[in-house]
Amino acid sequence: VIPMPSWHEDDQWRGFNHVEAMFSCLKLPMRKIFGKSKPHKQANLSFSNRHQISAIMILNDKSSLRGKSILLVDDVMTSGETIKAALALLRPLNPKKINVLVMAKTSLK
Numbered sequence: 001v002i003p004m005p006s007w008h009e010d011d012q013w014r015g016f017n018h019v020e021a022m023f024s025c026l027k028l029p030m031r032k033i034f035g036k037s038k039p040h041k042q043a044n045l046s047f048s049n050r051h052q053i054s055a056i057m058i059l060n061d062k063s064s065l066r067g068k069s070i071l072l073v074d075d076v077m078t079s080g081e082t083i084k085a086a087l088a089l090l091r092p093l094n095p096k097k098i099n100v101l102v103m104a105k106t107s108l109k
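Using my numbering, read the sequence shown as starting at 1 and increasing by one per residue.
For the record, the hints were derived by calculation from the structure and aren't laboratory data.
This one's a predicted model, so the numbers in the text were calculated from it and none came from an experiment.
C-beta: ideal position from N, C-alpha, C; glycine also.
Don't take each hint at face value.
Here are the computed distance ranges between Cβ atoms for each label pair [claimed, not checked]:
hint : residue 1 : residue 2 : range
1    : 107       : 63        : 31 to 41 Å
2    : 69        : 25        : 12 to 22 Å
3    : 101       : 59        : 17 to 27 Å
In silico lysine to aspartate or glutamate, EDC-like type, Cα no more than 20 Å apart, as pairs [as the list claims (entries may be wrong)]:
hint : residue 1 : residue 2
4    : 62        : 75
5    : 105       : 81
6    : 97        : 61
Work the whole structure out from these sequences, hints included.
Written out as structure tokens, the structure is:
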């Protein structure tokens, strides 16, 4: 299980990371491999500006994912840009399979 990076201040306000909390009961290995090169909150951006995440999202952990099955988890998908950026970073690591689970989908008006 690889969670998408969450906004640190939101986790502090809640007191926990909600995605990690939901998946901890499955007892699957969870790897927090994504980070951001600078503070960036997608929720504050317009739909047309959300593509910026691809320049900001980074891999903090480049250890081998070759041949592994991955479940990439995101809480909310609006434009899909965060998932696209994550896939672009993961594919060169040659995992066996990448599944994506989104818990909610919304759209900007």
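Right, here's what the structure says about each hint:
no., hint, in the structure
1, 107 with 63: 31 to 41 Å, "holds, 36 Å"
2, 69 with 25: 12 to 22 Å, "holds, 19 Å"
3, 101 with 59: 17 to 27 Å, "holds, 20 Å"
4, 62 with 75, "violated, 23 Å"
5, 105 with 81, "holds, 13 Å"
6, 97 with 61, "holds, 18 Å"
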